[in-house]
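S.K.: Using the hints, position chain L against chain R.
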Amino acid sequence: MNFFKRTIPLIIAFVMGVLMAFQYYVPHEASQSLLKIVTRWGITIAGFAVFIGVYSLFHLHWNKIKRKLPGWGYSIFVFFGAGITVAFGLYNGGEFFWNDKQQGTMFDWMYFNVQVPAGATMFSILAFFMASAAYRTFRARTSEATILLVAAVIVMLGRVPVGTLLWESLPPIADWIMSVPNMAAKRGILIGVSIGAIATSLKIIFGIERAYLGGGD
Amino acid sequence: MDRLLGIDRRIIFIFVAAAITIPLIIRFELPVPATKDVKGIYDKINSLPDDSHILISFDYDPASKEELQPMAIALLHHCFRKNVKVIGMTLNPGGSGLADKAITEAGEEYNKKYKEDYVFLGYKTGVELVMINMGENIYSAFPNDFNGNPTADLPVLKGVQSLHDFDYVIDLASGSSIEAWIAFAKEKYKFDLGAGCTAVISPDMYPFLQSDQLNGLMSGLKGAAEYETLINRKSSAVAGMSPQSAVHVLVVLFILFGNTLYFLSGRKK
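As given, the protein sequences belong to chains R and L, one line each in that order. With the first sequence counted from 1, adding 833 to any position gets you the working numbering. With the second sequence counted from 1, adding 7 to any position gets you the working numbering.
Think of the hints as simulated: they come from the structure by calculation, not from any bench. Hints may contain errors.
DSSO-like cross-link-like pairs, simulated, lysine-lysine; straight-line CA separation at most 27 Å [to be verified]:
hint, chain 1, residue 1, chain 2, residue 2
1, L, 43, L, 241
2, R, 869, L, 122
3, R, 934, L, 108
If we strip away everything but chain R, and leave its shape as in the complex, we get:
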């Protein structure tokens, strides 16, 4: 069993990892065909992640309802919402799912009148919490915090049209903060993350990193 659970996946990861790394540098037609096939396989496999996601979501909320955990009533709406959306999606305005997608169906109505406003509302609530958090916690306690606070105030005012009206030098200063100190920090993070990603990829290819196999090791 260990051979099928560990050795074969490690061999597949090594062979495919090395193959695809070299493929990038080989402009031959066979190499391009291989890339096309592998990416199509990848897209197909990625599609199955939907089933895992649905299972995980339903499993979590079913347990919440079963154990009557705090807020279990909301979990009922997960099943209700998912059920009604899937039903109308499959119904496809009377043409059913095996035909091409129809326009102006109940599924579209629910998207534009439930999902879109609900999503926008969730996002807009952030403005209220950010204002409250800024008032309560954004303090010039140390010199570093003071620099951050001054930079934040300049950027907040300089990145909206009212900044020009308050002081016309504010937007150029805000732009400088974004394109010099901010960019330097972001570039450092980006280089660090990229090197980390390369190192992790090599560890997976050579079988050093095996967490993706599961089993806790």
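M.R.: Chain L only, in chain R's frame:
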């Protein structure tokens, strides 16, 4: 002093609500000069000849609609005015409805024909894999469009085999798809790339702007408002600038007031 420092957050919420609604009721317009990052995208589209192909990837969902949908609409209006052929797609499952609506409505306004002047390819899962697959062959990644039409027969895609054949690609993103477009598509398949993103992720994009991996960037609602000003079609983004400005000023006042109370109360000691 302590009571003011520990003020009920619902009072702060009322101030924020007032700062948003009052500018929407008492309408006033603020100047929105275009920055060079936004002009980069505008100039690129302006420089394209008629019947050029532009790919717009609508990689956002309803949560980011208020920032990114105005960008999408402004871009589409500019493209259709310029008689550029628009190919839309999305890598976000929640984005297909918004993208389809934006592209269809803008196209109809300019009497453009679906399949001839514009097309929406729909959603495909896999993000980076889709980009690579499109880089090799767009018809392999999207055999059919959003409405089920075979892409190989679409006149709008005539002359396009892969990402390299697009005259310009724009990613409108609420996540990390811009980095993926740069790393997995632009660098390998060599095309010009512009981007629009939510204000919160725009600081991450500056390294790519400086290295010219992005030739332009629209950042948040302000970026959309700048684009609306450039194409002389002021709409929801420009209208949103006054409440956004009011809330920014309010947050700054809250920060300054909070810090003043903090120091007056002697808590730093």
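S.K.: Residue 869/R and residue 122/L were given as a pair; does the straight-line alpha-carbon distance stay at or below 27 Å?
M.R.: Status holds; Cα separation ~25 Å.
S.K.: Is the Cα-Cα distance between residue 43/L and residue 241/L 27 Å or less?
M.R.: Given pair residue 43/L, residue 241/L holds - Cα atoms ~19 Å apart, limit 27 Å.
S.K.: Tell me if the straight-line CA distance from residue 934/R to residue 108/L falls inside 27 Å.
M.R.: The hint holds at about 14 Å.
This entry satisfies every hint, going by the numbered hints stated previously.
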